[in-house]
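Asker: Full structure from sequences and hints, please.
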Amino acid sequence: MKRICLALGLSLALFSGHALAQKAWTVIAYMNGDNSLWRAALDDLNELEVTGSTAEVDVVVQIDLTSRAPFSDTRRYHVTQDPSGNSDTIVSTKVWPETGTRELDMGNPATLSDFAAWAIDAYPAERYMLVIWNHGDGWKAATPSPGTPPLKLISMDDTSGTAISISGGDLSEAMASITAHLGRKLDLVGLDACLMGLWEVDVVLEDRADYIVQSEETESEAGYDYVRLMAFLAAAPASGPRELCDSIVGESVDSVDGTLSCVETAGLAAVSSGIDEVAAQVILALPASETAILGAADGAIRFSYPENGDLYDFLARMRAATSLPPSLTEAAAMLQASIEGAVVRSEGIGSYGRTGGIAIYMPLASDPMGFDQDYREAPGALWAAHRWDEMLCSFSGVICAPDAYEPDDTADDAKPIGPEDASQPRSLYPLDDTDIAVARVWQGSRYVFTTRGSLDMYLYLISAGDFRQLAEDDDSGADKNALITWTSPFDGSVYVRAEHWGSTVGWGMETGAYTLDISWGECPQEGVPV
Numbered sequence: 137m138k139r140i141c142l143a144l145g146l147s148l149a150l151f152s153g154h155a156l157a158q159k160a161w162t163v164i165a166y167m168n169g170d171n172s173l174w175r176a177a178l179d180d181l182n183e184l185e186v187t188g189s190t191a192e193v194d195v196v197v198q199i200d201l202t203s204r205a206p207f208s209d210t211r212r213y214h215v216t217q218d219p220s221g222n223s224d225t226i227v228s229t230k231v232w233p234e235t236g237t238r239e240l241d242m243g244n245p246a247t248l249s250d251f252a253a254w255a256i257d258a259y260p261a262e263r264y265m266l267v268i269w270n271h272g273d274g275w276k277a278a279t280p281s282p283g284t285p286p287l288k289l290i291s292m293d294d295t296s297g298t299a300i301s302i303s304g305g306d307l308s309e310a311m312a313s314i315t316a317h318l319g320r321k322l323d324l325v326g327l328d329a330c331l332m333g334l335w336e337v338d339v340v341l342e343d344r345a346d347y348i349v350q351s352e353e354t355e356s357e358a359g360y361d362y363v364r365l366m367a368f369l370a371a372a373p374a375s376g377p378r379e380l381c382d383s384i385v386g387e388s389v390d391s392v393d394g395t396l397s398c399v400e401t402a403g404l405a406a407v408s409s410g411i412d413e414v415a416a417q418v419i420l421a422l423p424a425s426e427t428a429i430l431g432a433a434d435g436a437i438r439f440s441y442p443e444n445g446d447l448y449d450f451l452a453r454m455r456a457a458t459s460l461p462p463s464l465t466e467a468a469a470m471l472q473a474s475i476e477g478a479v480v481r482s483e484g485i486g487s488y489g490r491t492g493g494i495a496i497y498m499p500l501a502s503d504p505m506g507f508d509q510d511y512r513e514a515p516g517a518l519w520a521a522h523r524w525d526e527m528l529c530s531f532s533g534v535i536c537a538p539d540a541y542e543p544d545d546t547a548d549d550a551k552p553i554g555p556e557d558a559s560q561p562r563s564l565y566p567l568d569d570t571d572i573a574v575a576r577v578w579q580g581s582r583y584v585f586t587t588r589g590s591l592d593m594y595l596y597l598i599s600a601g602d603f604r605q606l607a608e609d610d611d612s613g614a615d616k617n618a619l620i621t622w623t624s625p626f627d628g629s630v631y632v633r634a635e636h637w638g639s640t641v642g643w644g645m646e647t648g649a650y651t652l653d654i655s656w657g658e659c660p661q662e663g664v665p666v
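The opening residue of the sequence shown carries number 137 in the working numbering; numbering runs sequentially from there.
No wet-lab data here; the hints were simulated from the structure. Check each hint, because a few of them may be wrong.
[Stated by the list, open to error] Distance condition first, Cα-Cα at most 30 Å in a straight line; then the derived DSBU-like pairs of lysine-lysine:
hint : residue 1 : residue 2
1    : K321      : K276
2    : K551      : K616
3    : K230      : K321
4    : K159      : K276
5    : K230      : K159
Answerer: Spelled out as structure tokens, the structure:
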């Protein structure tokens, strides 16, 4: 299975003498073969040489191979035509390094951005296509092993043991550097890698490219058909990125042996807005419609990583479920229309012909690993600004960022807070979550209950004997933390109910982590800890 990755590294400015005449296109191929794909990397470089650079198109490649390959260093080639056609010999001109050898870390985002900036300066063109070539991981849930990194990666470098992280923000960092150097978006980014056809990846690239070629499914090692890609550009160099993007999907879907889609990023804002609305309507429809919604989700087209489902097919299945609220099916229809507007072309082999071109993280209800916390908490999780993650966390049985005190939503499940456990790291998930703790109190003692963290919290104090409300947050809105200072008029127990402030006023709520604390003043009873 072929997957593609990103990488950045050392800032490199050396290149051989080259006339800086602007051409119609420069194709910038970042080919990380420093892994199991080294043979495929050589094959695709030879495919590029069938046409090579022309009077209107420059092709420049940075390629790195493993120690098992004919060479294992990192090289840059200005691709030229091979008179023998698709042969096994590299005939292109090596333009870097001019002498000696260099080994770059192709799993470093700086290596990717440095190469792309160098190519832009050395081979100026009206339009630029960046191909990120290597292994790729879609949103595969992290394994439960302690210390295991999440598998949301592209461009894996075996020599360095690194990869460009999507969830960690590496891809965003690299693309931001490239577009800042160019002064605008790239015209087209081709992700010649497995499982990159995700809305989550599109969100990262939305402000970095006008068009994206991506695959929802794994790709064969053959990847794109570079012979046909270069033939198209040679025959029609004046083509815009939309035409090239469309052509790659049509000409290479058989070669990747799975799926390919062309996405216009200008349409992604409407897709993300539609996702927010569908998520909001799903939350409103829960728990009454949970069975029908989960049935639609579990029945949606899945890929080699079953955590990834086709978004368009999920929406179609919800629209077909007659028991769902009209407001939800209407939101689903509108989102389908937005996907149709953003996806220029989507092709698939066999049953994948029904895919809509954009997959999304959609863990199966039957998945024993459940929701992956990294999805909403990783540094590069730009998609977490939208409501899809909150929707996933709203299904019963899904605990996002569980704390040690769950379940604690009712008085019967309340966990003790006191001298042995006076500071408790807790979390609110899903949106309507309420945490209840129980505290032992003595007459005449003063107690202080507080919350700490970024969540806007509210506290209630309730008698455990008759469920009377004894006190509530008296922080006067000074900050988001809640505060109750209270002197007990009796010996007994009280419940401390913590919830998001938005639930008290009907405003929007948030999910996340906070800390619940208890402290106390002088205790007159003998043997009671102070």
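Asker: Check the hint pairing K159 with K276 against an upper bound of 30 Å on the C-alpha distance.
Answerer: Since the Cα atoms of K159 and K276 sit roughly 40 Å apart, the hinted pair is violated (cutoff 30 Å).
Asker: Between K230 and K321, does the CA-CA distance stay at or below 30 Å?
Answerer: holds, 28 Å
Asker: Quick one, are K551 and K616 close enough, alpha carbons at most 30 Å?
Answerer: holds, 24 Å
Asker: Assess, step by step, whether the Cα of K230 is no farther than 30 Å from the Cα of K159, and give holds or violated.
Answerer: Roughly 20 Å between the alpha carbons, so the hint for K230 and K159 holds.
Asker: Holds or violated: K321 and K276, Cα atoms, limit 30 Å.
Answerer: holds, 29 Å
Going down the numbered hints, you'll see the structure goes against just number 4.
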